[in-house]
Amino acid sequence: MNLDKKEILIKLENVGIFQDNKWLVHDVSLEIERSKILTLIGPNGSGKTTTAKIALGIHKNIKGKVTKNTNKIGYVPQKISIDWTLPIRVIDFMSLTQTLQFDEVVSALKLTEVEHLKHNDLRSLSGGEFQRVLMARAIAKKPDLLVLDEPVQGVDFTGEIALYELIKKISDELNCGILLISHDLNVVMSKTDYVVCLNGHVCCSGTPMNVANNKNYKELFGDQASTLLSVYEHKHDHTHSTDGSIKEKKH
Amino acid sequence: MLDDFFIRALIAGIGIALVAGPLGCFVIWRRLSFFGDTLSHSALLGVTLALSFDINIALSVFFVSSAVAIVLLKLQKTTNLPGDALLGLLAHSSLAVGLVVISFLSFIRFDIMGLLFGDILAVAPNDIFIIWIGGVLILLVLKIIWKPLFASTVNYELAEAEGMNPARVNAIFTILMAAIIAISIKMVGLLLITGMLIIPAAMARNLSNNPVQMVVYSVIGGLLSVIVGLFASLELNSPSGPSIITAALVLFILSLTKINKFTRLKN
Numbered sequence: 000m001n002l003d004k005k006e007i008l009i010k011l012e013n014v015g016i017f018q019d020n021k022w023l024v025h026d027v028s029l030e031i032e033r034s035k036i037l038t039l040i041g042p043n044g045s046g047k048t049t050t051a052k053i054a055l056g057i058h059k060n061i062k063g064k065v066t067k068n069t070n071k072i073g074y075v076p077q078k079i080s081i082d083w084t085l086p087i088r089v090i091d092f093m094s095l096t097q098t099l100q101f102d103e104v105v106s107a108l109k110l111t112e113v114e115h116l117k118h119n120d121l122r123s124l125s126g127g128e129f130q131r132v133l134m135a136r137a138i139a140k141k142p143d144l145l146v147l148d149e150p151v152q153g154v155d156f157t158g159e160i161a162l163y164e165l166i167k168k169i170s171d172e173l174n175c176g177i178l179l180i181s182h183d184l185n186v187v188m189s190k191t192d193y194v195v196c197l198n199g200h201v202c203c204s205g206t207p208m209n210v211a212n213n214k215n216y217k218e219l220f221g222d223q224a225s226t227l228l229s230v231y232e233h234k235h236d237h238t239h240s241t242d243g244s245i246k247e248k249k250h
Numbered sequence: 000m001l002d003d004f005f006i007r008a009l010i011a012g013i014g015i016a017l018v019a020g021p022l023g024c025f026v027i028w029r030r031l032s033f034f035g036d037t038l039s040h041s042a043l044l045g046v047t048l049a050l051s052f053d054i055n056i057a058l059s060v061f062f063v064s065s066a067v068a069i070v071l072l073k074l075q076k077t078t079n080l081p082g083d084a085l086l087g088l089l090a091h092s093s094l095a096v097g098l099v100v101i102s103f104l105s106f107i108r109f110d111i112m113g114l115l116f117g118d119i120l121a122v123a124p125n126d127i128f129i130i131w132i133g134g135v136l137i138l139l140v141l142k143i144i145w146k147p148l149f150a151s152t153v154n155y156e157l158a159e160a161e162g163m164n165p166a167r168v169n170a171i172f173t174i175l176m177a178a179i180i181a182i183s184i185k186m187v188g189l190l191l192i193t194g195m196l197i198i199p200a201a202m203a204r205n206l207s208n209n210p211v212q213m214v215v216y217s218v219i220g221g222l223l224s225v226i227v228g229l230f231a232s233l234e235l236n237s238p239s240g241p242s243i244i245t246a247a248l249v250l251f252i253l254s255l256t257k258i259n260k261f262t263r264l265k266n
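Residue numbers (numbering that gives the first Met the number 0), protein chains in the order written: chain A, 0 to 250; chain B, 0 to 266.
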């Protein structure tokens, strides 16, 4: 296969969902390419998660057309709750939908810096730790496509930046396409290749620069939008990990 | 000194416990105990049909329970009633219809208590055959669908998104539920089958920190309950089903002493 030629992993053409006499989203078209990051932004209730679920095939009765060219998909849902009745450790959760060798589990958990939690009960994790485990699980089998629905929620500020950098790194190293949903405009915009701004429909789309200068985008996000153009830069002379003692030994 | 019928009951009971262990874990994880009740209540209708038309009881129960499960799925899609109301509706109406039909079958000598609470004397050699063949089939199918079933139990959408087929494995699981009810009805009785599924699994939950461990403990708990329960039944001349379930309850109560220790360790 010619790597220069763009490879479309998933293509949505004018998709929408009509439910309870209203459109949840309508006329959404987008393409996710291999080794590119596409970010969905938009206010609450604008249909970001719905659009992602249409792409994943979770929503069934949809209008429009979805073309899927891969089945190797890793998904980080917006929320997951683990029932008390289910005893499950991080290590069990990692191989939930996939068969993994032990070292694959460990290396994925190391990437998101939660390797030390592998034998812990899933429900005992904090919000941020759980989010990192979700990420690790999604990338462990090296998918063609990653769908990340607000993957950094509950993660502390430095961890958030590190995770976004990790997402960028994953996209480069695994050569996979990423569909990212985020609220976090300025950090995300600096890491993404293509932005789709939703508000029930595609409000505007394009490269981050194009979207940032778009009139509709500015109307939708107001003041927050103006911070976008200052590309994020953050320098530390040291890094923190989730579990300092373990991490420091490795430095 | 052990009678033939007792050996038969023991072999049958062990077969049932081996199957009920893993299925019971899923019943607990998926919060299906009321669903199991509904299916087993409808089994009475299956038994009456079997007696009326002289067909195999397990087979008849299996088909009636599966039919009730399908009706339930249809009703869930077409009405706005909450799930538990639908389950109650189906459970009690199928039990009632079954009892009405039974009253017409006065030409058949019939032990209603044995049907409701199980009867070890009723376990014939061909019942053992049905339990073990059926049981092995159930476990085989469960092993095949284990991964997608477990994944969709943890999170349906995640399983769906990552290419498993949760709707299909859920349907298969429902059939497995109907099947275990069918093979265990004679032994445990239709009012107590759900207890056989959930009590050993609930006990196992108190002792486990991962899913495989819970399944193993659930099987062990079920086996102990069957063996202890059947010996008690023989000694005390008590009905087999209630004796087995009481033994399971005792194990569950014992497991409660462990749970505090476990949670304390975790925190």
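Hints may be right or wrong, so weigh each one.
[What the hints assert, rightly or not] Residues from chain B that keep clear of chain A, each with C-beta distances beyond 12 Å, as calculated:
1. VAL135
2. MET163
3. LEU206
[Said to hold, decoys possible] Listed next, the stretches of chain A that the computed footprint assigns to chain B, with coverage defined by at least 3 CB atoms under 8 Å from CB atoms of chain B:
4. 18-31
5. 50-56
[To be verified] Result set (BS3-like, lysine-lysine): computed pairs, CA atoms no more than 30 Å apart in a straight line:
6. A:LYS78 / B:LYS76
7. A:LYS117 / B:LYS142
8. A:LYS71 / A:LYS217
9. A:LYS35 / A:LYS59
10. A:LYS109 / A:LYS62
11. A:LYS64 / A:LYS141
12. B:LYS76 / B:LYS146
13. B:LYS257 / A:LYS21
14. B:LYS76 / A:LYS67
15. B:LYS257 / A:LYS141
16. B:LYS76 / A:LYS62
17. A:LYS109 / A:LYS78
18. A:LYS190 / A:LYS167
19. B:LYS146 / A:LYS140
20. B:LYS76 / A:LYS117
Keep in mind that the hints were calculated from the coordinates and are not lab data.
All of these numbers come straight from a predicted model, not from anything done at the bench.
All C-beta atoms in this analysis are idealised placements derived from N, C-alpha and C, irrespective of residue type, glycine included.
Checked hints:
Taking the minimum C-beta to C-beta distance to chain A, about 25 Å, the non-interface status of VAL135 (chain B) holds against the 12 Å cut. Here MET163 (chain B) does not stay apart from chain A, with its beta-carbon only about 6 Å from theirs, under the 12 Å limit. Not every C-beta of chain A lies more than 12 Å from that of LEU206 (chain B), the closest at about 9 Å, which undercuts listing it as non-interface. Given as covered by chain B, the stretch 18-31 of chain A fails the check, having 0 residues with a CB less than 8 Å from a CB of that chain where 3 are the minimum.
Residues of the stretch 50-56 of chain A with a Cβ under 8 Å from some Cβ of chain B number 3, which satisfies the need for three, so the listed coverage holds. Using a Cα cut-off of 30 Å, the hinted pair LYS78 (chain A) and LYS76 (chain B) holds, with the two alpha carbons roughly 25 Å apart. Restraint check for LYS117 (chain A) and LYS142 (chain B): the C-alpha separation of about 25 Å stays at or below 30 Å, so the hint holds. For the proposed pair LYS71 (chain A) and LYS217 (chain A), the alpha carbon gap of about 36 Å is over 30 Å, so the pair is violated.
A distance of roughly 26 Å separates the Cα atoms of LYS35 (chain A) and LYS59 (chain A); the hinted pair therefore holds under the 30 Å criterion. A distance of roughly 41 Å separates the Cα atoms of LYS109 (chain A) and LYS62 (chain A); the hinted pair therefore is violated under the 30 Å criterion. A threshold of 30 Å between alpha carbons decides the hint, and for LYS64 (chain A) with LYS141 (chain A) the separation of about 26 Å falls inside it, so the pair holds. A threshold of 30 Å between alpha carbons decides the hint, and for LYS76 (chain B) with LYS146 (chain B) the separation of about 27 Å falls inside it, so the pair holds.
The hinted pair formed by LYS257 (chain B) and LYS21 (chain A) fails the criterion: a straight-line CA distance of about 52 Å is larger than 30 Å. At roughly 29 Å between alpha-carbon atoms, LYS76 (chain B) and LYS67 (chain A) fall within 30 Å of each other, so this suggested pair holds. About 40 Å separates the Cα atoms of LYS257 (chain B) and LYS141 (chain A), which puts this hinted pair outside 30 Å; it is violated. Under the criterion of a C-alpha separation no larger than 30 Å, the hint pairing LYS76 (chain B) with LYS62 (chain A) is consistent with the structure, at around 21 Å.
Among the hinted pairs, LYS109 (chain A) with LYS78 (chain A) is consistent with the structure: their alpha-carbon atoms are about 22 Å apart, no more than 30 Å. With a C-alpha separation of about 6 Å, the suggested pair LYS190 (chain A) and LYS167 (chain A) falls inside the 30 Å cut-off, and the hint holds. Restraint check: the Cα-Cα separation between LYS146 (chain B) and LYS140 (chain A) comes to about 16 Å, which is no more than 30 Å; the hinted pair holds. Distance restraint check for LYS76 (chain B) and LYS117 (chain A): the Cα-Cα separation of roughly 40 Å exceeds the 30 Å cut-off, and the hinted pair is therefore not satisfied.
Hint violations for this structure: numbers 2, 3, 4, 8, 10, 13, 15, 20, all remaining hints satisfied.
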